[in-house]
Amino acid sequence: DAGVIQSPRHEVTEMGQEVTLRCKPISGHNSLFWYRQTMMRGLELLIYFNNNVPIDDSGMPEDRFSAKMPNASFSTLKIQPSEPRDSAVYFCASSNSGINEQYFGPGTRLTVT
Amino acid sequence: GDSVTQMEGPVTLSEEAFLTINCTYTATGYPSLFWYVQYPGEGLQLLLKATKADDKGSNKGFEATYRKETTSFHLEKGSVQVSDSAVYFCALTSGGGADGLTFGKGTHLIIQP
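Listed in order, the protein sequences are those of chains A and B. If you read the first sequence in our numbering, its first letter stands for residue 3, the second for the next number, and so on. If you read the second sequence in our numbering, its first letter stands for residue 9, the second for the next number, and so on.
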């Protein structure tokens, strides 16, 4: 099993640019989660999907952030326009809702200058 | 809302020392409890879990017992190794595998030879 796959692993962009982060969950998993990790705030849940449907997006910081899951094997997290305070490591995780364990990808380190 | 409190460290120990990392939680209902470990530059790996009161999770010599009466889930290991150096996160979910995790701030553990 390849595990959760995230791309890119590193992204450096200028303020105001659009950023798209990608995630491929583990095959067969029906829940997908996006988290953000910063030194100041630790790990925060941004949004999660069950069976491709967004369930709770209350952690999304503001309207500049959006997430989609067009099918069971792909999700995107988009920031438009990006700001320096968005600099963080973004993790994607997936689970099978019947097993109660989340498996994390390696993360995308985003730097906005 | 749910919350997790853990000692932030860094915690520095000598090899073969006994380890305890404290974790307490606040949650509605009956949460499932987890310890995750993050090695430098990597994503989070599930270390152990417990899903109901008095359950003991264990893995790789680490143990933690779900204590409902003290709302705690302390991580212990009898003899640590240099390779255990990492950041350890206590986490909970109140909704089973289909809900997001609430994390503590993480404890940075440093084991010296």
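Hints listed in this document are in silico derivations from the structure and should not be mistaken for laboratory results. Keep in mind that the hints are not guaranteed to be accurate.
Below are the SDA-like pairs computed for lysine to any residue, each with C-alpha atoms no more than 20 Å apart in a straight line [as the list claims (entries may be wrong)]: (1) B/76 <-> B/66; (2) B/68 <-> B/102; (3) B/113 <-> A/42; (4) A/26 <-> A/52; (5) B/113 <-> A/67; (6) B/113 <-> A/108; (7) B/60 <-> A/31; (8) B/113 <-> A/52; (9) B/60 <-> A/52; (10) A/70 <-> A/42; (11) B/64 <-> A/62; (12) B/113 <-> A/101; (13) A/26 <-> B/50; (14) B/113 <-> B/25; (15) B/76 <-> B/59; (16) B/64 <-> B/18; (17) B/60 <-> B/86; (18) B/113 <-> A/70; (19) A/70 <-> A/31; (20) A/26 <-> B/76; (21) A/26 <-> A/102; (22) B/113 <-> A/31; (23) B/85 <-> B/65; (24) B/68 <-> B/78; (25) B/113 <-> A/89; (26) B/64 <-> A/103.
Partial chain B-side listing against chain A, Cβ under 8 Å, derived [as the list claims (entries may be wrong)]: (27) 27; (28) 37; (29) 48; (30) 50; (31) 51; (32) 60; (33) 64; (34) 95; (35) 97; (36) 111; (37) 115; (38) 118; (39) 120.
Note that the Cβ used here is the ideal one computed from N, Cα and C, for glycine as well.
Results for each hint:
no.	hint	in the structure
1	B/76 <-> B/66	holds, 18 Å
2	B/68 <-> B/102	violated, 26 Å
3	B/113 <-> A/42	holds, 9 Å
4	A/26 <-> A/52	holds, 14 Å
5	B/113 <-> A/67	violated, 23 Å
6	B/113 <-> A/108	holds, 19 Å
7	B/60 <-> A/31	violated, 23 Å
8	B/113 <-> A/52	violated, 26 Å
9	B/60 <-> A/52	violated, 24 Å
10	A/70 <-> A/42	violated, 27 Å
11	B/64 <-> A/62	violated, 34 Å
12	B/113 <-> A/101	violated, 25 Å
13	A/26 <-> B/50	holds, 17 Å
14	B/113 <-> B/25	violated, 23 Å
15	B/76 <-> B/59	holds, 11 Å
16	B/64 <-> B/18	violated, 25 Å
17	B/60 <-> B/86	violated, 24 Å
18	B/113 <-> A/70	violated, 28 Å
19	A/70 <-> A/31	holds, 16 Å
20	A/26 <-> B/76	violated, 36 Å
21	A/26 <-> A/102	holds, 19 Å
22	B/113 <-> A/31	violated, 27 Å
23	B/85 <-> B/65	holds, 12 Å
24	B/68 <-> B/78	violated, 25 Å
25	B/113 <-> A/89	holds, 18 Å
26	B/64 <-> A/103	holds, 16 Å
27	27	violated, 21 Å
28	37	violated, 14 Å
29	48	violated, 12 Å
30	50	holds, 6 Å
31	51	holds, 4 Å
32	60	violated, 11 Å
33	64	violated, 16 Å
34	95	violated, 10 Å
35	97	holds, 7 Å
36	111	holds, 4 Å
37	115	violated, 11 Å
38	118	violated, 17 Å
39	120	violated, 24 Å
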